[in-house]
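With chain P fixed as given, assemble chain W onto it according to the hints.
Chains as they are written, first to last, in the numbering used here: chain P, 31 to 145; chain W, 116 to 227.
Any given hint might turn out to be false.
Once the Cα atoms are required to be at most 20 Å apart in a straight line, the calculated SDA-like pairs of lysine to any residue come out as [what the hints assert, rightly or not]:
1) P:K101 <-> W:Y213
2) P:K87 <-> W:S118
3) W:K183 <-> W:T139
4) P:K39 <-> W:P155
5) P:K87 <-> W:S209
6) P:K87 <-> W:G116
No wet-lab data here; the hints were simulated from the structure.
Nothing here was measured: the structure is a model prediction, and the numbers come from that model.
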Amino acid sequence: NAGVTQTPKFRVLKTGQSMTLLCAQDMNHEYMYWYRQDPGMGLRLIHYSVGEGTTAKGEVPDGYNVSRLKKQNFLLGLESAAPSQTSVYFCASREMDGFVNQPQHFGDGTRLSIL
Amino acid sequence: GDSVTQMEGPVTLSEEAFLTINCTYTATGYPSLFWYVQYPGEGLQLLLKATKADDKGSNKGFEATYRKETTSFHLEKGSVQVSDSAVYFCALSSGGSYIPTFGRGTSLIVHP
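Here chain P stands alone, though its shape is the one from the complex (with noise of 0.2 Å):
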């Protein structure tokens, strides 16, 4: 019962380098979410997908891009890693919403440092 999971799990890059994070779910859902969490700030959103082949951008996208291709994966992508991108990054999915509104389901994060 894997759920959501994300590779890597950690990763150092060194500015300008550009790198992939992997965002897989084998629930069939058709939400995914992109998150960064830095103390103090909370999660916020950088981009997010409402089924396959399509994306959209979220509170914090810029640096950042997205492809959905298969439903079950969803890759964030950065081109031209900077310091300020140094963070825990989530990636979540849900159910599509129903009667009711369904709650995410979130992987265990990807550590970024940015040299």
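Chain W only, in chain P's frame:
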């Protein structure tokens, strides 16, 4: 727009003490309300939820009641344990919005 306000932490308690973490919200319509818990080094996990007024969500000894008249969803536990030390997030989802709204989180530290 929607918003969630939580009491600032950290909240520091001794083991077996009573816990209350306040949460109030503003939202249009009739949102669903959630409490999530984040243990050190882990992601958020759903602790409990309530989907309509006067519903009481409960799990692992924690309880919260959906109070529409006071727009509140306070988290309570009668006797906390050291293992309850974590960050607690209050959140809501409104009908028609894809994006849940989270509070800033409240850190709970329980001493033996």
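Item to check | Violated hints, by number in ascending order, as checked against the structure | outcome: none
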